[in-house]
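Number of protein chains: 2
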Amino acid sequence: MAHTNAPGSSTTTSSEFGPATGLSCRECGTVYDLGPIFACAECFGPLEVTYDFGDVRREDIESGPTNIWRYRSLLPVPPDVAAKPNLQPGWTKLVKADRLAAELGLRSLHIKDDSGNPTHSFKDRVVAIALEAARTFGFHTLSCSSTGNLAGAVGAAAARAGLDSCVFIPADLEAAKVTMASAYGGRLVGIQGTYDEVNRFCSELIGDELGEKWGFVNVNLRPYYAEGSKTLAYEIAEQLGWRLPDQIVIPVASGSQLTKVDKGFRELIRLGLVEDRPYRIFGAQAEGCSPVSRAYKAGHDVVQPVRPDTIAKSLAIGNPADGPYVLDIARRTGGAVEDVDDHEVVEAIRLLARTEGVFAETAGGVTVGVLRKLAREGRLDPDAETVVLNTGDGLKTLDAIAEQARPAAVIRPSLDAFRTAFAN
Amino acid sequence: MAHTNAPGSSTTTSSEFGPATGLSCRECGTVYDLGPIFACAECFGPLEVTYDFGDVRREDIESGPTNIWRYRSLLPVPPDVAAKPNLQPGWTKLVKADRLAAELGLRSLHIKDDSGNPTHSFKDRVVAIALEAARTFGFHTLSCSSTGNLAGAVGAAAARAGLDSCVFIPADLEAAKVTMASAYGGRLVGIQGTYDEVNRFCSELIGDELGEKWGFVNVNLRPYYAEGSKTLAYEIAEQLGWRLPDQIVIPVASGSQLTKVDKGFRELIRLGLVEDRPYRIFGAQAEGCSPVSRAYKAGHDVVQPVRPDTIAKSLAIGNPADGPYVLDIARRTGGAVEDVDDHEVVEAIRLLARTEGVFAETAGGVTVGVLRKLAREGRLDPDAETVVLNTGDGLKTLDAIAEQARPAAVIRPSLDAFRTAFAN
Numbered sequence: 001m002a003h004t005n006a007p008g009s010s011t012t013t014s015s016e017f018g019p020a021t022g023l024s025c026r027e028c029g030t031v032y033d034l035g036p037i038f039a040c041a042e043c044f045g046p047l048e049v050t051y052d053f054g055d056v057r058r059e060d061i062e063s064g065p066t067n068i069w070r071y072r073s074l075l076p077v078p079p080d081v082a083a084k085p086n087l088q089p090g091w092t093k094l095v096k097a098d099r100l101a102a103e104l105g106l107r108s109l110h111i112k113d114d115s116g117n118p119t120h121s122f123k124d125r126v127v128a129i130a131l132e133a134a135r136t137f138g139f140h141t142l143s144c145s146s147t148g149n150l151a152g153a154v155g156a157a158a159a160r161a162g163l164d165s166c167v168f169i170p171a172d173l174e175a176a177k178v179t180m181a182s183a184y185g186g187r188l189v190g191i192q193g194t195y196d197e198v199n200r201f202c203s204e205l206i207g208d209e210l211g212e213k214w215g216f217v218n219v220n221l222r223p224y225y226a227e228g229s230k231t232l233a234y235e236i237a238e239q240l241g242w243r244l245p246d247q248i249v250i251p252v253a254s255g256s257q258l259t260k261v262d263k264g265f266r267e268l269i270r271l272g273l274v275e276d277r278p279y280r281i282f283g284a285q286a287e288g289c290s291p292v293s294r295a296y297k298a299g300h301d302v303v304q305p306v307r308p309d310t311i312a313k314s315l316a317i318g319n320p321a322d323g324p325y326v327l328d329i330a331r332r333t334g335g336a337v338e339d340v341d342d343h344e345v346v347e348a349i350r351l352l353a354r355t356e357g358v359f360a361e362t363a364g365g366v367t368v369g370v371l372r373k374l375a376r377e378g379r380l381d382p383d384a385e386t387v388v389l390n391t392g393d394g395l396k397t398l399d400a401i402a403e404q405a406r407p408a409a410v411i412r413p414s415l416d417a418f419r420t421a422f423a424n
Numbered sequence: 001m002a003h004t005n006a007p008g009s010s011t012t013t014s015s016e017f018g019p020a021t022g023l024s025c026r027e028c029g030t031v032y033d034l035g036p037i038f039a040c041a042e043c044f045g046p047l048e049v050t051y052d053f054g055d056v057r058r059e060d061i062e063s064g065p066t067n068i069w070r071y072r073s074l075l076p077v078p079p080d081v082a083a084k085p086n087l088q089p090g091w092t093k094l095v096k097a098d099r100l101a102a103e104l105g106l107r108s109l110h111i112k113d114d115s116g117n118p119t120h121s122f123k124d125r126v127v128a129i130a131l132e133a134a135r136t137f138g139f140h141t142l143s144c145s146s147t148g149n150l151a152g153a154v155g156a157a158a159a160r161a162g163l164d165s166c167v168f169i170p171a172d173l174e175a176a177k178v179t180m181a182s183a184y185g186g187r188l189v190g191i192q193g194t195y196d197e198v199n200r201f202c203s204e205l206i207g208d209e210l211g212e213k214w215g216f217v218n219v220n221l222r223p224y225y226a227e228g229s230k231t232l233a234y235e236i237a238e239q240l241g242w243r244l245p246d247q248i249v250i251p252v253a254s255g256s257q258l259t260k261v262d263k264g265f266r267e268l269i270r271l272g273l274v275e276d277r278p279y280r281i282f283g284a285q286a287e288g289c290s291p292v293s294r295a296y297k298a299g300h301d302v303v304q305p306v307r308p309d310t311i312a313k314s315l316a317i318g319n320p321a322d323g324p325y326v327l328d329i330a331r332r333t334g335g336a337v338e339d340v341d342d343h344e345v346v347e348a349i350r351l352l353a354r355t356e357g358v359f360a361e362t363a364g365g366v367t368v369g370v371l372r373k374l375a376r377e378g379r380l381d382p383d384a385e386t387v388v389l390n391t392g393d394g395l396k397t398l399d400a401i402a403e404q405a406r407p408a409a410v411i412r413p414s415l416d417a418f419r420t421a422f423a424n
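Quick note, the sequences are listed as chains A and B, same order.
Counted the way the numbering used here counts, the first sequence spans residues 1 to 424.
Counted the way the numbering used here counts, the second sequence spans residues 1 to 424.
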């Protein structure tokens, strides 16, 4: 394997990226120095961070801060990262969901509720890692293409760190996400097109002098950014008492999150932090944007892009970069990739809120909807330890349920009016 | 002092309420057994929980869960409260706000950011305590009058606990709060009137057979409910390294939160958990609903009710029950009560988002706005340790900033279009 210096990348000391040792092509294995690069010069495959972890002990993690930096010895970040101005995401609740479990006929179910992050989605995790990389590489503008949640996470992280931001979104996003992302004072640009078109535009921009000094968290900082999702795996295992779940349902947009949860579980096993035992990973998509689910069901190894049409806009990536890896993992672990339609998404949002008091955005509705479908169809072991991810917040996708979630009545402030309204 | 059994209250064992020993009238000192009562039978004064804390040590608290139940030995809850189905609120971030501090000319500023709670407001704290009381008293319906945040907190808490809920709100609340509160599947009732009219209606309802079996968290469970705000004081002190801040700015709606933060600070001093040193408490109101601020400025001891007209709807209580106590505390501690207009509220929301990446609801805008006003006018010690509360989430009051928080441009996905839009 060649050890190639990426063009334009500055050499960095190892401490700036903690235990990370380099970047490696996921396709051909070519190794690169740590730098702001994301595609293999040999085969254009995606690059991934490699590590030399050394000895990592539970006690060291447990004595760390109650955010993702408790896992700094497993992430490409400097040892003093917890003291830097960032949003300190993570350590969100793992909610024991007995009432939902009872409705679904499952024995033990937990919800990993990432709506508790600073901007109320799991994106704060990945952006926090990309932010550190951006600082190290000397970028002064943080940028991204976004289906909405990332826009808010990048805007907020840049604001707190004192960086500029320039965020690109499809112009038809939910109003809540647009307003929130604008509130942080960075530059928000609406693009007439789908997320996939926004993403292609960002790749063009990065090759142009206009964007060459920018840190696009999910493009030229993507190898670092993606590692942030490993913290979901670490937290779930630690919160279960240093144990892997038997089965887990994860939403699939680009597919990156699912692949990194799997990577995180495998790292914990390799480091001896959890027992080595089998786990099954299930991917969840919305029917209106289900290229990975379709490929899974058809037995394909490649994913045919689609044009998204679903209320689950945060999952509306028609050409998911990590789709093939998701297929691999679902098949290797004995899981599956499944989808639900928009009606089922809304039902699942309401089911989760009614049973557990967790108000999820449409992506959470997709995941809980797929959980319900798998449980009903007998494809989950009802006695196994099950975890389902809620990656975002219902306040960002109110339109999805606004028609159904209304006051039971509007009355004058009198007992008579109350009696009349609720006579039966 | 008479030790009176409240009519209709069942006798409870002390362990069901942890260290709480009874209820005591804040006006005349009459003592009652713990029960679902809220007003003194002698003088109609408000009742407050009394305690026998015994020995409480920092280490015991520090080894507790990362939510308000770490302080269970200081709250009217059973020892096993952490294991019961509730939303486990609290232990929200104390954000070191260096960039905001620099803009305001302050040396050390922290934001206690309660938007990180499960339903994204401080109300989850108070509801969690009321929920335990409701369970102990055998209520099967959780109810409240609400300016919005409480509606969501009660709906979610009841859903998770498997109780029914019936929540009353002014019919003109922000759409986000209405939809969110409805999502949890309880009964939501819009009332044609102000919050104060909704509140009066609930008091009528509780005296009627319709509502006699209901636990109204902020009416017949109010003594328990209100204690939840003490946890803000405990967390701030612990997160500062077991130290009280020198000055703190707190929003004033009913005034209960401010009085309980003061109570919490005094308890910590009395228990020897923090050093006994002076602190100053400042109350913050919106000009359009500033009865306490007006009374403070006029040197009055009583608060003249007003009809609210402000975008800060969660603070729009025109007849604040704890107003006189707020005046006492502001004067006793050398603080003040101040107000800002709606324009300043919006400016403050944007200032906080731009400098720290914290997106506050209008109540947070009021508090940060008052902080800014006090700093500008030289009424805060710029060298003192300062804390400001953000009690809610910007996603719930998007309309307040939607006009100003928009994309910089909407363009086609091309470099030319980007160049044209941002030519200069």
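Some hints here could point you the wrong way.
Where chains are identical, the list cannot tell them apart; a pair therefore holds if satisfied intra-copy or between any two copies.
Stated by the list, open to error - Heads up, simulated BS3-like pairs for lysine-lysine below, C-alpha to C-alpha not over 30 Å straight-line:
id : residue 1 : residue 2
1  : Lys373    : Lys84
2  : Lys96     : Lys84
3  : Lys297    : Lys213
4  : Lys96     : Lys213
5  : Lys297    : Lys84
6  : Lys213    : Lys373
Derived from the structure by calculation, the hints contain no laboratory data.
We went through each hint and held it up to the structure:
Taking the shortest Cα distances, Lys373 and Lys84 sit within 30 Å of each other only across copies (28 Å), while inside one copy they are farther apart (43 Å). Taking the shortest alpha-carbon separations for Lys96 and Lys84, only the inter-copy value of 10 Å comes in at or below 30 Å, while the best intra-copy value is 33 Å. Neither within a single protomer nor between protomers do Lys297 and Lys213 lie at most 30 Å apart by alpha-carbon distance, with minima of 42 Å and 53 Å respectively. Taking the closest pair of Cα atoms, Lys96 and Lys213 come within 30 Å of each other only across two copies (29 Å); inside a single copy the shortest separation is 45 Å, beyond that limit.
Taking the closest pair of Cα atoms, Lys297 and Lys84 never come within 30 Å of each other, the shortest separation being 45 Å inside a single copy and 41 Å across copies. Taking the closest pair of Cα atoms, Lys213 and Lys373 never come within 30 Å of each other, the shortest separation being 46 Å inside a single copy and 38 Å across copies.
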